[in-house]
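Student: Here is what each chain is made of, one letter per residue.
2 protein chains.
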Amino acid sequence: MQLPQSVRNVIEALAQLPSIGPRQATRLAFYLIGRGKNYIQTLSSDLKGLEKVKLCERCFFIHENAGALCDICGNSARKPDIIMVVEKETDLLSLENTGKFTGRYLIIGGNSKTGTLEEWQKLRLQSLKQFIEKEFAGQAQEIIIAFNPTSAGDFSAALIEKELKGFTKKISRLGRGLPTGGEIEFADDETLGSALERRG
Amino acid sequence: MQLPQSVRNVIEALAQLPSIGPRQATRLAFYLIGRGKNYIQTLSSDLKGLEKVKLCERCFFIHENAGALCDICGNSARKPDIIMVVEKETDLLSLENTGKFTGRYLIIGGNSKTGTLEEWQKLRLQSLKQFIEKEFAGQAQEIIIAFNPTSAGDFSAALIEKELKGFTKKISRLGRGLPTGGEIEFADDETLGSALERRG
Chain A
1 MQLPQSVRNV IEALAQLPSI GPRQATRLAF YLIGRGKNYI QTLSSDLKGL
51 EKVKLCERCF FIHENAGALC DICGNSARKP DIIMVVEKET DLLSLENTGK
101 FTGRYLIIGG NSKTGTLEEW QKLRLQSLKQ FIEKEFAGQA QEIIIAFNPT
151 SAGDFSAALI EKELKGFTKK ISRLGRGLPT GGEIEFADDE TLGSALERRG
Chain B
1 MQLPQSVRNV IEALAQLPSI GPRQATRLAF YLIGRGKNYI QTLSSDLKGL
51 EKVKLCERCF FIHENAGALC DICGNSARKP DIIMVVEKET DLLSLENTGK
101 FTGRYLIIGG NSKTGTLEEW QKLRLQSLKQ FIEKEFAGQA QEIIIAFNPT
151 SAGDFSAALI EKELKGFTKK ISRLGRGLPT GGEIEFADDE TLGSALERRG
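In order, the protein sequence lines correspond to chains A and B. My numbering numbers the first residue of the first sequence as 1 and each following residue consecutively. My numbering numbers the first residue of the second sequence as 1 and each following residue consecutively.
Hints were generated in silico from the structure; no laboratory data involved. Predicted, not measured: the structure shown is a model, and the values here were computed from it. Incorrect hints may appear among the rest.
Identical copies look the same in the list; a pair holds intra-copy or inter-copy alike.
What the hints assert, rightly or not - Here are the simulated BS3-like pairs of lysine-lysine, each with C-alpha atoms no more than 30 Å apart in a straight line:
#1 K122 x K37
#2 K79 x K113
#3 K122 x K169
#4 K170 x K37
#5 K48 x K79
#6 K37 x K52
#7 K134 x K48
#8 K37 x K88
#9 K129 x K37
#10 K37 x K113
#11 K37 x K48
#12 K48 x K165
#13 K48 x K170
#14 K88 x K170
#15 K48 x K169
#16 K52 x K162
#17 K165 x K37
#18 K37 x K100
#19 K169 x K52
#20 K162 x K37
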């Protein structure tokens, strides 16, 4: 049976979102209709509010500031020459929540599946290199590559490291070892191996 | 760290949707921003399009027709006095896809967790009873209760059956037994028991 066009439009649009399939999209559409006009209007205008959001021209995190920089890059208390390269915005949020990092970021985007960087990712790296050349005479203090400790993450990290090693005095990765609260008995071999190698 | 208000609004709104938690809502918000203004505008106006959708005053399925009835209830080729009571719209869609049902529907809404019907569910039952009284002198030909074959579904079915048994010549449930393509060896006891009892 054919659903009304407006409902099919919404189902198609929702099914394009990551981790939402056509079945969940259909259920969501019916849920929205069931919640009524007011709710739909609010959601629709909330979404429209996202149009105001800009990407920081330095780290590519989101912001709504008047200038081109996000709250982190615009904060003069943060060290501009220690740069953490992260895959995605939610990783940046988790790292910020630790309150232990006082440098700045570069969001490089999802790990490449083809083993090469996308064109837009290359542009982001390029803009970081140019910034380092202009502001710090070609050498940042430290670049931290903060990718997931998975084989895909390791692979991408090696790629980024090759690109950036000429532009920094020190290049590092997030520490590996036992997660706090974990138990030695249940740690996998790789994790326990890293914990031994990097003991201290 | 504090995200811009417009982004927090969207995250809160998305996290209210069924089966979307705050983490997925955050990821979705960043995804939407990453897709850019055009995409956000389209999604926002697609959602606004849902405002035109109405609920059928007879079966409570969605429609955009000029009158008060949906395509099914407004279709004179469909028997008005055989009524299938379903829990939700997606169940109706699955049943319609079989092409084997020529009656009409009543969408009664999600199974009650408290063991009683919600006020709005009672109103839907009431409107069905009134329709049967007015159009068929108080007796429909058949009412089929098509709820999930789970204990919650069985419980709700018993509730609805009690409410409607005075308003129909026949009351029935969907058949239970082996699903087509299944294997006897792997069928659970309940299913195999039903298949034996309802053999034919």
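Student: Taking the hints in turn, state whether each one holds.
Tutor: Now for the hints, and whether the structure bears them out:
{"no.": "1", "hint": "K122 x K37", "in the structure": "between (44 Å within a copy, 23 Å between copies)"}
{"no.": "2", "hint": "K79 x K113", "in the structure": "neither (32 Å within a copy, 55 Å between copies)"}
{"no.": "3", "hint": "K122 x K169", "in the structure": "within (21 Å within a copy, 72 Å between copies)"}
{"no.": "4", "hint": "K170 x K37", "in the structure": "neither (56 Å within a copy, 38 Å between copies)"}
{"no.": "5", "hint": "K48 x K79", "in the structure": "neither (34 Å within a copy, 44 Å between copies)"}
{"no.": "6", "hint": "K37 x K52", "in the structure": "both (24 Å within a copy, 9 Å between copies)"}
{"no.": "7", "hint": "K134 x K48", "in the structure": "neither (37 Å within a copy, 47 Å between copies)"}
{"no.": "8", "hint": "K37 x K88", "in the structure": "between (34 Å within a copy, 19 Å between copies)"}
{"no.": "9", "hint": "K129 x K37", "in the structure": "between (50 Å within a copy, 28 Å between copies)"}
{"no.": "10", "hint": "K37 x K113", "in the structure": "between (42 Å within a copy, 26 Å between copies)"}
{"no.": "11", "hint": "K37 x K48", "in the structure": "both (16 Å within a copy, 9 Å between copies)"}
{"no.": "12", "hint": "K48 x K165", "in the structure": "neither (41 Å within a copy, 49 Å between copies)"}
{"no.": "13", "hint": "K48 x K170", "in the structure": "neither (43 Å within a copy, 52 Å between copies)"}
{"no.": "14", "hint": "K88 x K170", "in the structure": "within (22 Å within a copy, 59 Å between copies)"}
{"no.": "15", "hint": "K48 x K169", "in the structure": "neither (44 Å within a copy, 53 Å between copies)"}
{"no.": "16", "hint": "K52 x K162", "in the structure": "neither (36 Å within a copy, 55 Å between copies)"}
{"no.": "17", "hint": "K165 x K37", "in the structure": "neither (55 Å within a copy, 35 Å between copies)"}
{"no.": "18", "hint": "K37 x K100", "in the structure": "neither (45 Å within a copy, 34 Å between copies)"}
{"no.": "19", "hint": "K169 x K52", "in the structure": "neither (38 Å within a copy, 61 Å between copies)"}
{"no.": "20", "hint": "K162 x K37", "in the structure": "neither (53 Å within a copy, 34 Å between copies)"}
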